[in-house]
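Chains as they are written, first to last, in the working numbering: chain A, 1 to 413; chain B, 1 to 436.
These are computed hints drawn from the structure, not numbers from a lab.
Keep in mind it's a predicted model, so treat the numbers as computed, not measured.
Among the clues, some could well be false.
[Unchecked claim] Have a look at the derived ranges for each label pair, beta carbon to beta carbon:
#1 A/83 to B/70: 31 to 37 Å
#2 A/279 to B/282: 48 to 54 Å
#3 A/160 to B/173: 39 to 45 Å
#4 A/299 to B/45: 30 to 36 Å
#5 B/104 to A/371: 47 to 53 Å
[Stated by the list, open to error] Quick look at which bits of chain B chain A covers, simulated, 3 or more residues with Cβ under 8 Å:
#6 16-29
#7 91-97
#8 188-202
#9 219-227
#10 407-415
[As the list claims (entries may be wrong)] The list that follows gives simulated cross-link-like pairs (lysine to aspartate or glutamate, DMTMM-like), each with its CA atoms no further than 25 Å apart:
#11 B/163 to A/256
#12 A/66 to B/146
#13 A/367 to B/299
#14 B/148 to B/167
Built from N, CA and C at the ideal position, the CB exists for glycine as well.
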Amino acid sequence: MEIRPILSALMRNKTGPILVALQVAISLAILSNALHIVKVRQEVVSRPSGIEKEEEIIHIRVGDLKTEAPFNEILATQKMQAQVLRAVPGVVSVAQVSQTPLSRSGRNSGVAADRKQEKVNTGAGQFFTPDSLVKTWGLRLVQGRDFLPTEYMDIDEKNTNEIPRSVIIPLALAKKLWPDTDNYLGKPFYFGTGDTADEVRVVGVVERMQSTGAEVGERGEMSVIQPMRAISGPRAMFTLRAEPGQRDRVMKDAEEALRKAGNNQVVVRTKTMEQDRNDRYRADKGLSWMLVTVSVLLMLVTASGIVGMASLWVTQRRKQIGVRRALGARKTDILRYFITENVMITTTGVAAGLLGALALNQLLVTKLEMARLPADYLLGGAAIFLALGVAAVYGPAWRAASISPATATRGVV
Amino acid sequence: MFSYYFKLGLRNLRRNPALTALMVLTLAVGVAASISTLTILHVMSGDPMPHKSNRLIVPLFDNGPTKGYAPGDEPNDNQLSYGDVQRLLASGKGERRTAIMGIGASIEPDRKDVGAFIATGAGPTKDFFAMFDVPFLHGGAWSEADDKAGADVIVLTRKLSEKLYGDEVPVGRRMKLNGHEFLITGVMDKWDPIPRFYRVVGAGAFSTEDEFFIPLSSATRHEIFNSGNTNCTADRAPGYQAFLDSECTWLQFWFELRSASDRADLQNWLDAYAAEQRKLGRLQRNAPNKLFDLMEWMEYLKIVGNDNKLSAWLAFGFLVLCLVNTIGLLLAKFSVRASEVGVRRALGASRKEIFHQFLVETAVVGLVGGVLGLALSFGALALIAMQSKALTIVAHMDWVMLIVTFAMAVGSAILAGLLPTWRACQVTPALQLKSQ
Numbered sequence: 001m002e003i004r005p006i007l008s009a010l011m012r013n014k015t016g017p018i019l020v021a022l023q024v025a026i027s028l029a030i031l032s033n034a035l036h037i038v039k040v041r042q043e044v045v046s047r048p049s050g051i052e053k054e055e056e057i058i059h060i061r062v063g064d065l066k067t068e069a070p071f072n073e074i075l076a077t078q079k080m081q082a083q084v085l086r087a088v089p090g091v092v093s094v095a096q097v098s099q100t101p102l103s104r105s106g107r108n109s110g111v112a113a114d115r116k117q118e119k120v121n122t123g124a125g126q127f128f129t130p131d132s133l134v135k136t137w138g139l140r141l142v143q144g145r146d147f148l149p150t151e152y153m154d155i156d157e158k159n160t161n162e163i164p165r166s167v168i169i170p171l172a173l174a175k176k177l178w179p180d181t182d183n184y185l186g187k188p189f190y191f192g193t194g195d196t197a198d199e200v201r202v203v204g205v206v207e208r209m210q211s212t213g214a215e216v217g218e219r220g221e222m223s224v225i226q227p228m229r230a231i232s233g234p235r236a237m238f239t240l241r242a243e244p245g246q247r248d249r250v251m252k253d254a255e256e257a258l259r260k261a262g263n264n265q266v267v268v269r270t271k272t273m274e275q276d277r278n279d280r281y282r283a284d285k286g287l288s289w290m291l292v293t294v295s296v297l298l299m300l301v302t303a304s305g306i307v308g309m310a311s312l313w314v315t316q317r318r319k320q321i322g323v324r325r326a327l328g329a330r331k332t333d334i335l336r337y338f339i340t341e342n343v344m345i346t347t348t349g350v351a352a353g354l355l356g357a358l359a360l361n362q363l364l365v366t367k368l369e370m371a372r373l374p375a376d377y378l379l380g381g382a383a384i385f386l387a388l389g390v391a392a393v394y395g396p397a398w399r400a401a402s403i404s405p406a407t408a409t410r411g412v413v
Numbered sequence: 001m002f003s004y005y006f007k008l009g010l011r012n013l014r015r016n017p018a019l020t021a022l023m024v025l026t027l028a029v030g031v032a033a034s035i036s037t038l039t040i041l042h043v044m045s046g047d048p049m050p051h052k053s054n055r056l057i058v059p060l061f062d063n064g065p066t067k068g069y070a071p072g073d074e075p076n077d078n079q080l081s082y083g084d085v086q087r088l089l090a091s092g093k094g095e096r097r098t099a100i101m102g103i104g105a106s107i108e109p110d111r112k113d114v115g116a117f118i119a120t121g122a123g124p125t126k127d128f129f130a131m132f133d134v135p136f137l138h139g140g141a142w143s144e145a146d147d148k149a150g151a152d153v154i155v156l157t158r159k160l161s162e163k164l165y166g167d168e169v170p171v172g173r174r175m176k177l178n179g180h181e182f183l184i185t186g187v188m189d190k191w192d193p194i195p196r197f198y199r200v201v202g203a204g205a206f207s208t209e210d211e212f213f214i215p216l217s218s219a220t221r222h223e224i225f226n227s228g229n230t231n232c233t234a235d236r237a238p239g240y241q242a243f244l245d246s247e248c249t250w251l252q253f254w255f256e257l258r259s260a261s262d263r264a265d266l267q268n269w270l271d272a273y274a275a276e277q278r279k280l281g282r283l284q285r286n287a288p289n290k291l292f293d294l295m296e297w298m299e300y301l302k303i304v305g306n307d308n309k310l311s312a313w314l315a316f317g318f319l320v321l322c323l324v325n326t327i328g329l330l331l332a333k334f335s336v337r338a339s340e341v342g343v344r345r346a347l348g349a350s351r352k353e354i355f356h357q358f359l360v361e362t363a364v365v366g367l368v369g370g371v372l373g374l375a376l377s378f379g380a381l382a383l384i385a386m387q388s389k390a391l392t393i394v395a396h397m398d399w400v401m402l403i404v405t406f407a408m409a410v411g412s413a414i415l416a417g418l419l420p421t422w423r424a425c426q427v428t429p430a431l432q433l434k435s436q
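So here's chain A without its partners, still in its complex pose (with noise of 0.2 Å):
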């Protein structure tokens, strides 16, 4: 390959190849990025909740137009709610809760395993259910069992702060309070520290449960479940499992149902997991649609720089390439005269790109808490580039061989 003559003609003029080099260069250091951060998002949008089939899942939250009646009220109106909405045609499993994954609405609390630490291991969702989550969200057990029917308990909490001592956790905070054993049932933990803390035992190990937040990292997984309806007001969650393909109509008619059985003096709002889903991880999604869309963008400029570039070198040099094909050489050997120079250009920019890339991500880190750069992406990129200029330079290419000996050498340009 006649490298060296391309290479000292490239030198004489310097300009054109230098900027189509810094636009891959500037794409690929972008780009790698870009596409980097969009994955890291992507695994984060696509964790699991721990609640089996989610587009079946419906929350329903209920209030009394008067925020003053007795516990006694309260407890019988919230017990007759959970009935209405299990005799709703098309509803297969319902449960009382406190809150919900993903919901990013709900109460928290730190555990302790000893109650002797000086801080606790880490902060948890607490979850009050009066009925069975296990069975209405589908979370697999993997150790242990569900609430018995004697452990749950209705609590005033106007009047007390008691709770149940039985919680089911999941794996993730088993594993995060006892790293040292794998049999977690009947082992005692604290709601927060000191003399004053709660103790609860673990009853049931569920394989996963998401916390409202759904933070990244750990602290998404850390919750418990906990057997109590705790009563503070006349208001109430509920979850419901719809019939598959049941879920809008049975979420109408279950507000509806409601509604009448509260004589038209409560407010019910309802909202499906989806909505919740869709909700927590919006900001996720359009920055990945956003960086998609820029990542695009910057091909297709970078491809018609190329492609520019290319087209106006092949019209300056359409005598010489007359010259050339007349003195015997073939449309290959233009194409790949073209191509190697280009292939030339390319590599030069990337092997920038590849400098950029890692300056780029530096910045990210330091300044802006993203994730290191794997060197995958990096590899990745250079191919996605040099096959870009490759197929950009094609056309021109292409049409530099197609030059007539014949006209290109009488023409005047």
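With chain A held as given, fit chain B onto it using these hints.
Relative to the frame of chain A, chain B by itself:
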């Protein structure tokens, strides 16, 4: 000469139409990307009360437990407890004072065609309205006596008033909130500060607006719990009074100073207050007591997220790429006109004239790119606004951004045109003429 060159530039757009179109399009896309992300950043980081933001002060001190605390740790929470807030309200420091809680409450309209619903609002003191320059359409804020008595009075936003009463003026009427009768003292005119700085903790800076305001004292009298973040570090006795007496933090506080120079005085007072509380056995962490003015508070709470900064950075990187691309394309466009330059130079045009002409031509490209970029950024912002309610609030263009767009498009095109223009001037007339 300028207008002639300008017309020439316009006419020359038609020369190498493919190349020119590519140039204009590239420039437009680059400008649109950076303008739309910049607009969002600009709106997010804007000062919602420029004329007094340095007099609006948030106090922050740490009432967290000493256990597990090391000096220099972040404060336990960005809000204050009810007890502290009551004492700050009574302090008489600054010109105005307010504490704010979030409230979710049921509203039962008189109109039968509107069903009962849950509305979100806030519980401040009467100073809130004057402090944040809330405009009133009808009526006004409640009185200090109402604050003292925990009276059931309410201020509605224009939107909620129209939903409940249509065109009627509802001031003086009573409405049902959480089953209690509240007297309407005022209806606000449109008031939509961005970011929503006054209750960022718990409510968010770009959330939907609060629909009503009732006195904090009325909300606590009705035992309404805060709708937002509530942070309790220790067990407390059951019941609402115990909640008020506890160290739970759930309220935000604002001072308005008469002048920004009173800040040192307020800091001294706050330090003295904390020292006094320490003697009573509270605030044992002995952490620094901080004051933030409005913009410092926004900065402290990181209102402009890293994702927004990332978008803007990458969009600008993209703009740089577009500019490099434009330089290349302009170079291509100008280089085929060497003979034209040769003839003009031979006929007596100076280098300066040629430079002038090509630069004007470049500016024309920039102008066309700018106009197209502007149209594209409107499209981009509309797309972004469709993503969520919060983004609808921030994704709108203002005059500042409009001017910036144009300046940026034309400026960057001229910048990109400098090298190709300079190269075009270097043509030696004799060589060009000889080769013809």
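Hint by hint, here is what the structure shows:
1. Restraint check, residue 83 of chain A to residue 70 of chain B: a C-beta distance of roughly 52 Å breaks the suggested window 31 to 37 Å.
2. For residue 279 of chain A and residue 282 of chain B, the Cβ-Cβ distance of about 39 Å falls outside the hinted range of 48 to 54 Å, so the restraint is violated.
3. About 41 Å separates the C-beta atoms of residue 160 of chain A and residue 173 of chain B, a value consistent with the hinted range of 39 to 45 Å.
4. In this structure the supplied range 30 to 36 Å holds for residue 299 of chain A paired with residue 45 of chain B, their Cβ-Cβ distance being about 31 Å.
5. The supplied range of 47 to 53 Å is broken by residue 104 of chain B and residue 371 of chain A, whose beta-carbon atoms lie about 37 Å from each other.
6. Counting residues of the stretch 16-29 of chain B whose beta-carbon sits less than 8 Å from any beta-carbon of chain A gives 4, enough to reach three: the coverage restraint holds.
7. Proximity of the stretch 91-97 of chain B to chain A, defined as three or more residues with a beta carbon under 8 Å from a beta carbon of that chain, is not established by the 0 residues found.
8. For a cut-off of 8 Å, the count of residues in the stretch 188-202 of chain B with a CB near a CB of chain A stands at 0, and the three-residue condition is violated.
9. With a threshold of 8 Å between beta carbons, the proposed coverage of the stretch 219-227 of chain B by chain A holds, since 4 of its residues qualify and at least three are required.
10. With a threshold of 8 Å between beta carbons, the proposed coverage of the stretch 407-415 of chain B by chain A is violated, since 0 of its residues qualify and at least three are required.
11. With a CA separation close to 23 Å, the supplied pair residue 163 of chain B and residue 256 of chain A stays within the 25 Å bound.
12. Restraint check for residue 66 of chain A and residue 146 of chain B: satisfied, since their Cα atoms lie roughly 22 Å apart, inside the 25 Å limit.
13. Distance check on the hinted pair: residue 367 of chain A and residue 299 of chain B sit about 15 Å apart at the alpha-carbon level, within 25 Å; holds.
14. Straight-line distance between C-alpha atoms of residue 148 of chain B and residue 167 of chain B comes to about 32 Å, which puts the hinted pair past the 25 Å bound.
In summary, the structure is inconsistent with hints 1, 2, 5, 7, 8, 10, 14 from the numbered list given earlier, while agreeing with the others.
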